[in-house]
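2 protein chains.
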Amino acid sequence: MINWNNLDTLASYKELSEVKPVNLVEVMSGENGAERVKKYSVPMAEGLTYNFGAKSVDDDILAVLAKLAEEAQLVEKFEALYNGAVINTGENRLVLHHLTRGQLGEAVVAEGVDKREFYVAQQQKAADFANKVHAGEIVNEAGEKFTTVVQVGIGGSDLGPRAIYLALENWAKVNDTLKMKAEFISNVDPDDAAAVLNNVDLAHALFIVVSKSGTTLETLTNESFVRDALTKAGLDASKHMLAVTSETSPLAKSTDYLAAFFMDDFIGGRYSSCSAVGGAILSLAFGPEVFARILNGAGAQDELAKNKDIMQNPSMLDALIGVYERNVLGYPETAVLPYSQALSRFPAHLQQLDMESNGKSVNRYGEPVNYVTGPIIFGEPGTNGQHSFYQLLHQGTDIVPLQFVGYKNSQMATDVVIQGSTSQQKLCANVAAQIVAFACGKADDNRNKNFEGGRPSSIIIGEQVNPESLGALLAHFENKVMFQGFVWNLNSFDQEGVQLGKVLAKRVLAHETDGALKVYSDLLNI
Amino acid sequence: MINWNNLDTLASYKELSEVKPVNLVEVMSGENGAERVKKYSVPMAEGLTYNFGAKSVDDDILAVLAKLAEEAQLVEKFEALYNGAVINTGENRLVLHHLTRGQLGEAVVAEGVDKREFYVAQQQKAADFANKVHAGEIVNEAGEKFTTVVQVGIGGSDLGPRAIYLALENWAKVNDTLKMKAEFISNVDPDDAAAVLNNVDLAHALFIVVSKSGTTLETLTNESFVRDALTKAGLDASKHMLAVTSETSPLAKSTDYLAAFFMDDFIGGRYSSCSAVGGAILSLAFGPEVFARILNGAGAQDELAKNKDIMQNPSMLDALIGVYERNVLGYPETAVLPYSQALSRFPAHLQQLDMESNGKSVNRYGEPVNYVTGPIIFGEPGTNGQHSFYQLLHQGTDIVPLQFVGYKNSQMATDVVIQGSTSQQKLCANVAAQIVAFACGKADDNRNKNFEGGRPSSIIIGEQVNPESLGALLAHFENKVMFQGFVWNLNSFDQEGVQLGKVLAKRVLAHETDGALKVYSDLLNI
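The listed protein sequences correspond, in order, to chains U and H.
Numbers 1 to 526, taken from our numbering, label the letters of the first sequence in order.
Numbers 1 to 526, taken from our numbering, label the letters of the second sequence in order.
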């Protein structure tokens, strides 16, 4: 029996707010600090490690977090989710993105279809299609091979697949598995589509239109933009376009597309990277084998999320520490700081994943909650950020919890030794240094050079950004956000907050405005 | 006589916290809302307008903000700054970036040099060099024209110039003034340099090494990376490399460079886009005339910052409203949301500009302050953000003040009409709709579909992203941040918070670590 209760009704939450907080400067100093960092380390899938030595927790706090996990039935709720319960209550939907990478529990049959089989079939269809394109069996009107694939989508149809593509583009080059270059069109700003199309060899390009409903304004507009450009170039648009959509959407049955790959209502946009939304473009860009390796990494990480022991379930542990920082310590933001240029757009993906899932003020029954929920997520790769916003993180008046990510090896293995170390060593030295600088600080009589410390962080450490480890990283954060939604008793799988703007924008375009909206419309010459 | 006092010692600040706050939903509704939006509008330079109709202020609050501006002597402090006072007290330096685009007050002579003349001479030197490159008078070893320019720099040597290049790249293409393609290498991650170098035709590339001190670890490392690549390609590195540095730096007199352009200690990295740091690459990429137009736009906006009347000084007004939101209303973040794909990296530049300048806990005398200072800055272009983190902005438990930017016209003028409107109209309709949705909200009995409203925003509206309007936008935010620093009594022009990490990283690389730092170093295989 699962109970969906607000966080502030739980005994363990009350207890959590009464435990003595940690003095991070103290516990991270000297040999005790060393022991702590060794001890507070949990293995993730695919060789990743979640190390929380520099988080503001200790054994006492962890013990209460374990109670909270139990009282809030986090693992039971995850089990209900992957076994097909209606977790997305607002929209009366199942939540099945985990099935794209493995069968975690029972078969889930909906509308007479085994959903795991359905998702796998779509992945296979995309794989077969990609293989034929790579083999020159599916070609353009002139019988020539396609060389570029362009994703036309926005939000979840853009951020995740784009972050993954950028993360693996250079890895694929050095591993000789970059089959096609990928580009992305997302914004309704006409300059976005125009700029991408200017840079693409249209005659050898495939365009994937990605919209679950088939009604997303930006995506349909950009689809027309692309069709216009293809037609003006004397090409047959239907020979260059694919669709990723739901089976019931207007796009699904159209002869305007060379092929269509299907998703369904049980996978939210921001959780769709492992469905056909990511599968079509990533299989075309890198080959289906690489996409399968991403799925394997994600699936392995999902398996860990079934563990009831918080020390064997890094995503749940990360989620619980985040709740402690947000609700007890009162920190409103989290910065995501990957020390890898390949992960340059991963923070933007996590920003959507987290803020769209848990940026809510009502619980899953639509009742207002009396506590803060999802934090602001932002971030840039290190070491770049060190020369930018880290000043505030070190010496500003607010404390921002930090999520570092670092890898022992680069992707391209091209490196130089300067002053006795490689660039990769310098990169790693910097992230190690930052963790300790943030946690321990450094006293200085010149207050301008004084560092208070006490800034908590965790780090995920891996061998290299590759398909498996990237899949595991993706799934870790998806599951972290899911567990936090369970703790806060939210529905993390709808997004009603995006609706009002859409309605008002339509009104502006129909010139059906008054009051302030009319004045803004006039100022913007609409 | 200028008095440098903490914010909480000012009578007007006490008064500010006692004025009745605005009910944004109420004041933005109906015809009163329309009147308000019309009235709360201040012209900026180059056809831009700062509209703050949807901010949580009214005439009463504005009256106290005007008092605060006067009591804190904001314009007098700006005057002292551009006339050459030692405003950067921590480092005992003048603050002279405004002189790169105009002489706002008296001649500033330091170390026997008229600084305006010095900066202009460096811009002219870069312009002459660029003209010769474009004319084929300066060529590679084979006598061929250079086609690409690569900036090697980090932080302020990267973010501002990169944001400006991306903002004008497509504008330059359609206006036939894209002279050379620009690329950027910043991160010490070896994959950053390796990936850029893989994509660059080395034989026809110029590399600009940008480091004021000539000692920035990342930049020197990447310089060696580039030299290695050039040498391996059989090229003479000294014929492909330029330096932007201070006259006293190790880079300045080296024969390793084809040319060197100078900056000095009186221009901080994050304020250096209009110095040779931006001037060299932007003159090479777009031609010196385009760079001059950026300077003109910035200079025109600087002139407005001299006005004592807050209603004629949009940067000061913006700064004051921000202080009200931060210190009285208690909002810890600001989101920057440009409705222009061209401005995709402008939020990252503002993030550095703001957070590195005002992320401080001590005043200009090194004494701790008892109030919060610089906010967290983050943002992505609209409409993309609408399909990502806007969910939290609309319905999350925290309120985030918003800074929209919108333009009436696109840059490339390639557009399509779908459902009766162009993409540009859709883009503008969306930003208008969002402002009103955030401010007014919409009541719904289904609490999940309920929008509280009361989320304040302002919008800067322009005709188009072009060199002049971009220069004005850049200067607006520089001056806003400066005025906020004055209000908070901070030194906005140093960055001591970046030092500790550097020191510890060096220790890691020298294997001189113990405690937690040693464990992290081991975990990362350093």
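In short, the hints are calculated from the structure, not lab data.
Some hints could be false.
Taking lysine to aspartate or glutamate and the EDC-like style, the derived pairs with C-alpha atoms no more than 16 Å apart in a straight line are [to be verified]:
#1 K39/H / D522/U
#2 K38/U / D59/U
#3 K20/H / E79/H
#4 K306/U / E91/U
#5 K38/H / D522/U
#6 K449/U / E367/H
#7 K125/U / E247/U
#8 K39/U / D522/H
#9 K306/H / E70/H
#10 K449/U / E91/H
#11 K308/U / E79/U
#12 K38/H / E79/U
#13 K308/H / E70/H
#14 K39/U / D58/U
#15 K38/U / E70/H
#16 K39/U / D59/U
#17 K449/H / E91/U
#18 K39/H / D58/H
#19 K14/U / E91/U
#20 K408/U / E452/H
#21 K408/H / D522/U
#22 K239/U / D256/U
#23 K38/U / D522/H
#24 K449/H / D514/U
These stretches of chain U come out as covered by chain H in the derived footprint (C-beta under 8 Å, 3 or more residues) [to be verified]:
#25 23-32
#26 155-162
#27 348-355
#28 361-373
#29 406-416
#30 437-443
Covered by chain U, per the in silico footprint, the following chain H stretches (three or more residues, Cβ under 8 Å) [as the list claims (entries may be wrong)]:
#31 56-67
#32 108-121
#33 375-388
Fair warning: this is a prediction, and the values are worked out from it, not measured in the lab.
Using N, Cα and C, we set each Cβ at its ideal position, and we do this for glycine too.
Right, here's what the structure says about each hint:
| no. | hint | in the structure |
| --- | --- | --- |
| 1 | K39/H / D522/U | holds, 14 Å |
| 2 | K38/U / D59/U | holds, 14 Å |
| 3 | K20/H / E79/H | violated, 33 Å |
| 4 | K306/U / E91/U | violated, 25 Å |
| 5 | K38/H / D522/U | holds, 10 Å |
| 6 | K449/U / E367/H | holds, 11 Å |
| 7 | K125/U / E247/U | holds, 14 Å |
| 8 | K39/U / D522/H | holds, 14 Å |
| 9 | K306/H / E70/H | holds, 13 Å |
| 10 | K449/U / E91/H | holds, 12 Å |
| 11 | K308/U / E79/U | holds, 11 Å |
| 12 | K38/H / E79/U | violated, 55 Å |
| 13 | K308/H / E70/H | holds, 8 Å |
| 14 | K39/U / D58/U | holds, 11 Å |
| 15 | K38/U / E70/H | violated, 55 Å |
| 16 | K39/U / D59/U | holds, 11 Å |
| 17 | K449/H / E91/U | holds, 12 Å |
| 18 | K39/H / D58/H | holds, 11 Å |
| 19 | K14/U / E91/U | violated, 32 Å |
| 20 | K408/U / E452/H | violated, 47 Å |
| 21 | K408/H / D522/U | holds, 10 Å |
| 22 | K239/U / D256/U | holds, 8 Å |
| 23 | K38/U / D522/H | holds, 10 Å |
| 24 | K449/H / D514/U | violated, 22 Å |
| 25 | 23-32 | holds (count 4) |
| 26 | 155-162 | holds (count 4) |
| 27 | 348-355 | holds (count 4) |
| 28 | 361-373 | holds (count 9) |
| 29 | 406-416 | holds (count 8) |
| 30 | 437-443 | holds (count 5) |
| 31 | 56-67 | violated (count 0) |
| 32 | 108-121 | violated (count 0) |
| 33 | 375-388 | holds (count 11) |
In this structure, the earlier hints numbered 3, 4, 12, 15, 19, 20, 24, 31, 32 are contradicted, and the remaining ones agree with it.
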